[in-house]
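Chains as they are written, first to last, in this note's numbering: chain A, 1 to 189; chain B, 1001 to 1641.
Certain hints may be false.
Claimed, not checked - Pairs of lysine-lysine, BS3-like flavour, derived with a Cα cap of 25 Å:
#, chain 1, residue 1, chain 2, residue 2
1, B, K1464, B, K1624
2, B, K1502, B, K1254
3, B, K1621, A, K35
4, B, K1127, B, K1395
5, B, K1464, A, K35
6, B, K1596, A, K35
7, B, K1387, B, K1290
8, B, K1636, B, K1450
9, B, K1624, B, K1450
10, B, K1596, A, K48
11, B, K1136, B, K1387
12, B, K1417, B, K1406
Unchecked claim - Restraint ranges, calculated between C-beta atoms of paired labels, are given here:
#, chain 1, residue 1, chain 2, residue 2, range
13, B, A1012, A, G110, 46 to 52 Å
14, B, G1085, A, E7, 45 to 51 Å
15, A, S39, B, R1008, 14 to 20 Å
16, B, E1628, A, S34, 24 to 30 Å
17, A, S34, B, H1382, 46 to 52 Å
18, B, M1166, A, S34, 48 to 54 Å
19, A, T79, B, I1083, 41 to 47 Å
20, A, R46, B, E1607, 54 to 60 Å
21, A, E7, B, G1038, 34 to 40 Å
22, A, D69, B, I1083, 53 to 59 Å
Derived from the structure by calculation, the hints contain no laboratory data. Where is the CB? At the ideal position from N, CA and C, for every residue including glycine.
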Amino acid sequence: MIQPLEEFIIYVDPSRCLGCRSCEVACAVEHSSSKQLFSAISEDPRPKPRTSVVVADGVYVPMRCMHCDPAPCVKACPTGSMRRTDEGFVVSDPARCIGCRTCLLACPFGHPSYSSRGKVIKCDHCIDRFKSGMPPACVEACPTGALRFGRAEELLGEERRRRALEMITGLGEGGVVYRRAASPVLVGR
Amino acid sequence: MEERIYERLLRATRREFYQQVSIDPTVPQLLEKAERDGVETVWHRYLAQQPQCGFGLLGDCCRNCNMGPCRIDPFGYGPSRGICGATADTIVARNLMRALAAGAAAHSDHARDIIEVFRGIVDGWAKDYRIADEQKLLGVAKALGIEVDGKGTLEVAREVVEVAEMEFGKPGNEPLRFLNAYAPKRRKELWNKLGITPRAIDREVTEIMHRTHMGVDADPLSLIAQGLRAALADGWSGSMMATMFSDVMFGTPKPIRIWSNLGVLREDAVNVMVHGHNPLLSMKIAEVAKDPELVELARSLGAEGGINVVGMCCTGNEVLMRLGVPIAGNFLQQELAIITGALEAVIVDYQCLMPALVDVASCYHTKIITTEPKARIPGAIHIEFDKAKAEESAKKIVRLAVENFKNRVKERVFIPKEKMEAMVGFSVEAILSALGGTLEPLADALRSGKVKGIAGVVGCNNPKVRQDSSHVAITRELIANDVLVVGTGCWAIAMSKHGLFKPEAAELAGPGLREVCKALGIPPALHMGSCVDCSRMLIALAALSEHLGVDMSDLPVVGSAPEWYSEKAVSIGSYFVASGLFVHLGTVPPVLGSPKVVEILTKGAEELLGGKFFVETDPHKAVKAMLEHIREKRRKLGWPE
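Please work from the sequences and hints to get the whole structure.
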């Protein structure tokens, strides 16, 4: 059993995101059959990115699967298609997926999407790359470090050091709080 | 497609990394030194850029107006049009044409500078320059239809320079005068029919900038047609004038033996590297470096060997062909030359200068000296090169280099041993003279099949390709198949370094080509000059097509740019395609975002012009396609395969 602090995570930092969508392109290429940009663009079915940059209240947010634990999608899935791998990643098994989309309803982040073949597709944390020691494609493609990959402990420690430095030098602008009530304009009231 | 080099590099250990980036043995040695010295090079920065932006690689992002930037989703889930409605086809074509315009502008602006000094000879202010090749001048004048009988040299020169100056911005719709004088009749008729005959160099470049402005030309075919027009203006006039006036002022190259690669740097001498493209400065630097007073100064500071001028990139090609100045390397080696710790100064004019030269030099005693008002680099020493006082200017610059010798740290010097001899300097005139004054022996060898065809291989280095590997692989395989290879630029430097410019390299050729090379005493691959000298190939092919009485597109001839990176290469490739050639590209241009543009460049162009682009990153597969093209052309001519 993997201890929570030894988990590998992707740290999403919207303050660094420029909205270039390189993560989306890299994700689609990684989930193509050729895994090469130049040939992937003409494959059938067209490779689909599993991550997307969403604009929320003027801020770019790279939205990807958080690989929650426990994951609501795993709990909701009636066929056991949605499962957690030994590495700790939440993946969907197309062979068992019946396309009921219950996981879409359960996901707090709106992550899973639907393919043209009637199956749910979602981020698999680039599990093949992970096994060969490489970071997920979206992280590798991110030019600004808005997506970072590593052990939870190390990433959070790094973040703690950065904040500490800001605190003692007085240069920090304070943490940015993203979890807030959306403005009435945003929700259309 | 071949595995991308960066994926190999990312997985490689440090030592493997050094070995994999180049096939040149000097590179790993100097990369190890770079690491010891804490210096970053082009390959480190290349890795730091990985993976590169998918939109940029496909060419489907548009920054031409401030409603944007806009991007087309290559996978079809996101936007398929920009804010103005431009499709991927429009955006890709516009971007490619802007790159082509930059390339044509660079070559032609280089020509403008040379012509300006030539005007200075005529008007008397460019006292340190002279007409070195009167025959060439008279030849150009006659081709332009200028009466030469009974006129003095300067009078002819004045009339020629007046035509040349007007090439850039002459009014009206008459074709460019140089193109009209040198292009074969069949080609000119075809270009007229297609409406792509260029009128004035600056006009064609400007028209691309206009057409690619928001709300003007949205049709990829029409955009590409204008691009070809600008490319023709570059090849058949801009670049061609740069070559011709350089020959007139500095001499037309003849075969000469030189040394190449970083081993040409010397521990016992002041090492001065000229880098860039224009011979106006580099020729003067090479000349004043022999000045007894400066040599004495060098000796008095402990440099027993005096002053050692070496070249880099195409200005290196200019001086090596004419003066036998050794060449230190090609594009990707510019930083490595500094990392030897043995370079007192890098004197640059313009084009292909990595701004990083200044950062690398800051770790050593090397001075980076910029000389052109249009090419300044933050952190470099700027000494403007005054063409009216060329010698004085050049001496001032060389003196600075010599005085810097005392700052050389001997313990930090490491010069690789590798250097290679090469026979270079095959201008069209030199090739003709080797053939005995007429093209017939070459035409005969082609007809009989001793020589199956001719390949013009050109262009740059690109960190996307293992340095020199594609250049060497393609050339070796072509000559082994009895294809005579000619070329320019960084390809030519690669050939010098890897021994393919030695007459003995004929042993590597197929039996027919070997026999021809041995009979003439020439190597199987011929150095025709710098990148503007691709115009020499146009002249040679035009002459060959007229000699054989066929169109240029009927000749068993191919072009290739195996490791190209620059916008100038886009223009060169395009003027060869418009001149009827099959042109192979060894790195993928940013066009795959538009199936329509790809179709025009790789298929449609052939129906209209007889030439087309062919993209293939694998050298072996590329050669296979080139040989197939040559065989097909031979079949059509009724020549034995």
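Now the hints, each set against the structure:
1. Restraint check for K1464(B) and K1624(B): satisfied, since their Cα atoms lie roughly 22 Å apart, inside the 25 Å limit.
2. Under the criterion of a C-alpha separation no larger than 25 Å, the hint pairing K1502(B) with K1254(B) is consistent with the structure, at around 15 Å.
3. Restraint check for K1621(B) and K35(A): the C-alpha separation of about 21 Å stays at or below 25 Å, so the hint holds.
4. In summary, the hint linking K1127(B) to K1395(B) is supported, as the alpha carbons are separated by about 15 Å, within the 25 Å threshold.
5. Taking the CA atoms of K1464(B) and K35(A), the gap is about 18 Å. The hint holds against a cut of 25 Å.
6. For the given pair, K1596(B) sits about 23 Å from K35(A) by alpha-carbon distance, which is consistent with the 25 Å threshold.
7. Pair hint K1387(B) plus K1290(B) holds up; C-alpha atoms about 19 Å apart against a cutoff of 25 Å.
8. Between K1636(B) and K1450(B) the alpha-carbon distance is near 17 Å, which keeps this suggested pair within the 25 Å criterion.
9. For a cut-off of 25 Å, the pair hint linking K1624(B) to K1450(B) stands: about 19 Å separates their Cα positions.
10. The suggested pairing of K1596(B) with K48(A) holds, with an alpha-carbon distance near 23 Å, which does not exceed 25 Å.
11. Between K1136(B) and K1387(B), the direct Cα distance comes to roughly 23 Å. Compliance with the 25 Å bound is thereby established for this hinted pair.
12. The hinted pair formed by K1417(B) and K1406(B) meets the criterion: a straight-line CA distance of about 23 Å does not exceed 25 Å.
13. A hinted range of 46 to 52 Å for the beta carbons of A1012(B) and G110(A) is inconsistent with their spacing of about 40 Å.
14. Taken as a hint, the range 45 to 51 Å holds for the pair G1085(B) and E7(A), whose Cβ atoms sit roughly 47 Å apart.
15. Checked against the hint of 14 to 20 Å, the C-beta distance between S39(A) and R1008(B) comes to roughly 18 Å, which is consistent with it.
16. Under the hint 24 to 30 Å, the C-beta atoms of E1628(B) and S34(A), about 25 Å apart, fit the expected range.
17. Judged by the Cβ atoms, the range 46 to 52 Å given for S34(A) and H1382(B) holds: they are separated by roughly 49 Å.
18. The hinted window of 48 to 54 Å between M1166(B) and S34(A) holds, with their beta carbons roughly 52 Å apart.
19. Distance hint check for T79(A) and I1083(B): the Cβ-Cβ separation is about 43 Å, which falls inside the suggested range of 41 to 47 Å.
20. At about 30 Å, the beta-carbon gap between R46(A) and E1607(B) misses the expected band of 54 to 60 Å.
21. The supplied range of 34 to 40 Å is met by E7(A) and G1038(B), whose beta-carbon atoms lie about 36 Å from each other.
22. Separation of D69(A) from I1083(B) is about 42 Å and departs from the stated range, judged on CB atoms against 53 to 59 Å.
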